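> In case you want the letters, here they are:
2 protein chains.
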Amino acid sequence: MGTCARSRRRIGRRTIGMSMTTAVILLGLLAGLLLGGCEAPAAIADETTATAPRPQFEITTSDAFDPATLAAYDGDHTEIYELIDRRQGEHLENLQRWLRQPSISAQDVGIDDMAELVRSDLEAIGFSETQIVPTSGHPGVFGHYDAGAEKTLLVYMMYDVQPVNPEDWASPPFEARLIERPLLGKVLMARGATNQKGPQRALLNAVAAVIDATGTLPINLMVLAEGEEELGSPNYPELVDHFEERLASADGAFFPFNSQSPSGRIQMNLGVKGIVYFEMEARGGDWGGPKMAEIHGSYKSLVDSPTLRLVQAIASMTSPDGNTILIDGYYDDIRPPTEEEMRLINGVAQNYDGAAIRRLLRVERFVDGLEGTDAIMRHLYDVTLNVDGIWSGYTGEGVKTILPHLATAKVDSRLPPGIDPDEALARVRSHLDEHGFEDVVLRKLSGYPAAQSSVESPLVQAAIRVFNKWGKVEEVWPRLAGSAPFYQFTERLNLPLVFNGLGHGSGAHAPNEYMLIEPERGSGAAGLAEIEKSYVDLLYALAE
Amino acid sequence: MGTCARSRRRIGRRTIGMSMTTAVILLGLLAGLLLGGCEAPAAIADETTATAPRPQFEITTSDAFDPATLAAYDGDHTEIYELIDRRQGEHLENLQRWLRQPSISAQDVGIDDMAELVRSDLEAIGFSETQIVPTSGHPGVFGHYDAGAEKTLLVYMMYDVQPVNPEDWASPPFEARLIERPLLGKVLMARGATNQKGPQRALLNAVAAVIDATGTLPINLMVLAEGEEELGSPNYPELVDHFEERLASADGAFFPFNSQSPSGRIQMNLGVKGIVYFEMEARGGDWGGPKMAEIHGSYKSLVDSPTLRLVQAIASMTSPDGNTILIDGYYDDIRPPTEEEMRLINGVAQNYDGAAIRRLLRVERFVDGLEGTDAIMRHLYDVTLNVDGIWSGYTGEGVKTILPHLATAKVDSRLPPGIDPDEALARVRSHLDEHGFEDVVLRKLSGYPAAQSSVESPLVQAAIRVFNKWGKVEEVWPRLAGSAPFYQFTERLNLPLVFNGLGHGSGAHAPNEYMLIEPERGSGAAGLAEIEKSYVDLLYALAE
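Same order as they appear, the protein sequences are chains A and B.
Okay, so the first sequence: first residue is 200 according to my numbering, each after it adds one.
Okay, so the second sequence: first residue is 200 according to my numbering, each after it adds one.
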């Protein structure tokens, strides 16, 4: 099936929203394909939108950001690196301890034990303040290591994992065995290995090594972990509530993430789009149509069709090609590209290969024949309206002649910076009302704004320099077109967020999830020791 | 559930089409509700269609057809009636013999045995020519009784029945027990009791009684029975092929039907609408969109949506209210009401109760606020476009963000006389092509034109007179708005068709199907003996 299969899950009475890591991992994989052939940006005439209200942003600079111009981090922490090398056996066991503790949020399996494992590990490492933080759902974990330093880093963690079908796994998902993978090396195979316990515990290994080697940390650390990421982080805002002022005093937020390709490439993404996800429903009522149940189809002559009503309501929102939104003001609030973002786009446009992306997606052409910079701009700055699903009436084989009483669609709208999810939904509501679809119900299922960090922020600069030391940052994108609720960090706490890092893993939300621990000779991706050393460097680079 | 639940079934490689009796039975039940309060036809302004191409037919006569003006049939066949009365035990056993032989076409249960039972019964009664007629599906049965008479009646029969869930039945569905029903009388409960073995075998009882009492029949009889009615009669045209010239020489066609309400009312319908039923499908292809599988929803910015394409294609075919078809020429070929039909409509309009129909359908208002004659005219002469079902993408609970590669809808169009199903579908195709939806696939699942008999035809006149003798024909409608492939008789063979009759039954396609055999004192519907006597009268009335 598709690249984005997501199963529905519930916790308590909440319907799940988005999962941060899903979007990031899957879109990261796709984005990796962006590197490839070189195609000159073409000036394609945008016929279908000539009279449309979609803004046409211009790139007004020829400057291009090149991450290679940021010198590799050159701090020397040999003593700590050597401690990390000596402790590799213990460090691997730490990962295995976390991975052997199931913590399936959707099924409430092992959640409390895992939360306590996180808390007690923080305490053992030397965090002076640790606590389990109750929420409306699964508890969070807070930890504070006050080094009396000038700078503070907020570490976002998730301690929950996806469910498993053990029979699909080559190695039992909660045994965390070390397995040889041809062409890659030794990998740790377990649910949560890469999403997200592996890199998170690796960071704590690094932190412990710094403390043990030097007696303290070069920066202060705050950890705020949740146990509901795989449920769409419904209560993370609540966790932030508890510590908002302290969290906002940090200098940046970091989400430990294995984002190297097997060959070692790192593509950085400095933001995500927001989203508003809603259901539209038409049902017979006072306006007409069958109110209680389907009726015989021959009555269409006298009875309105809720299905056609939904179809017309949806159709009224877009141009006939489905690609331009006709809702009044829907494009108005898009924040234009900043000069910084233009430079980033000029940078990535040099290697942009639309044909490679289309091959991966199995798509023959992009809308309006977009290529090159035009495609990048549309992808990053367009607000979209997409029907994720629609259903009504008889959907089996053959003939059944009914006039259904109910029709429903799932719709998502991806929101570039500047567009608020509730305002977007209000515009949809107004549009429907103004077009005579007052009775079409909207049900919001999820919504949050975009998140954006600046490449100029000290944390991002430090990250690029560190990544350039251990690997090579090939591209820095202003954002992913996918969505994750990172606005909690970037917009609410006003912190730059880095959610890329050394390390390679795969199989998130799938069988045989793994994290690379010991790469084969010649493999470009970092192993556990190198990852941990890069984390050490990141702490010091941020401290500078 | 709705009033028109139909399950999908296949036979051989054919997908099923429509079932004659389903439409007739269910719509007959609804139509029965038309009798009730008296409401003056209102001249409602038809705002939404003011500029639409829908023709506005005028009733240009004030004459109203009143079936009561046709004198009850007064032929006296006492000798035959008495034979029928004496033979009631044997006649009931004949019905039971047929009902105890399962003949479930969808499951190929008992089909060949039932076909032979029909054939051998015809032979035993005295039909000189009887044969099992192979088809591409289940066999047909042909029988000819040549009385050397001037007139010939073609009897349409179906010997197959719907499947059963025995656990849902108060009495085993193939035991055909006689059961006492409060307020009604003794009923025969079995699958097929009323749909359609009961009335059909009752007709043969009557025929046998006439032959035994008089040595012959007053008219010639041809029987052409099929075993696939519940599959949509896919091979009935093939059966007609075999005997077309002989069948066309008949003076009318008769479908034995229990169409009395429990109180004894008979509403006659002289025709049905045709139908074309098709699927519309949009799928990613050379035009754009994902070709092979769903992709991540964030790619809507660059990738066309087949789902929106289908929605836009459907929306382009109707006015925003979904009630006027915008396909070029789609209304052009509707045959205007004949003067005869106007008189019939004037007749039924006097008792038309739109509010009662709306209560039954659970509908608050009819389209355009139609009432009275306007509603009747729209119902009988409108060509409709109705979405029976639509589906695409994720239809489960909660959030899943995908851009689906495939979207499908089931659409039916009810066709008043004058509109050919294939021409209608060709207009849909042209419309889609002209509006840029060349890639939207149309798959025809079923299609046939309307059927219409004249109230002036000798067979219909004879039927009304006979029904007026044994009961009372309250209303004669030009047609049902539902569909059945009766065009085989009316249009292809050019025969008037009567598909109403004395007798009451219920539960077609449902558990506890029954036919009333011995009404309680005071019950208005006919019992088996009266039904058989009315059939005797019909043969003689047609002979006159």
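Possibly wrong hints are sitting among the right ones.
Put simply, identical chains are the same to the list, so a pair is met inside one copy or across any two.
To be verified - Calculated pairs, DMTMM-like style, for lysine to aspartate or glutamate (alpha carbon to alpha carbon, straight line, at most 25 angstroms):
1) K668 with E719
2) K671 with E596
3) K385 with E743
4) K668 with D284
5) K490 with E437
6) K643 with E596
7) K490 with E563
8) K385 with E719
9) K671 with D320
10) K643 with E539
11) K385 with D265
12) K643 with E729
13) K490 with D520
14) K668 with D531
15) K350 with D485
16) K490 with D552
These aren't lab readings, by the way, just hints derived from the structure by calculation.
Since the structure is predicted, the reported quantities are computational estimates derived from the model, not experimental observations.
> Checked against the structure, which of the hints given earlier come out wrong?
2, 3, 5, 9, 10, 11, 12, 14, 15
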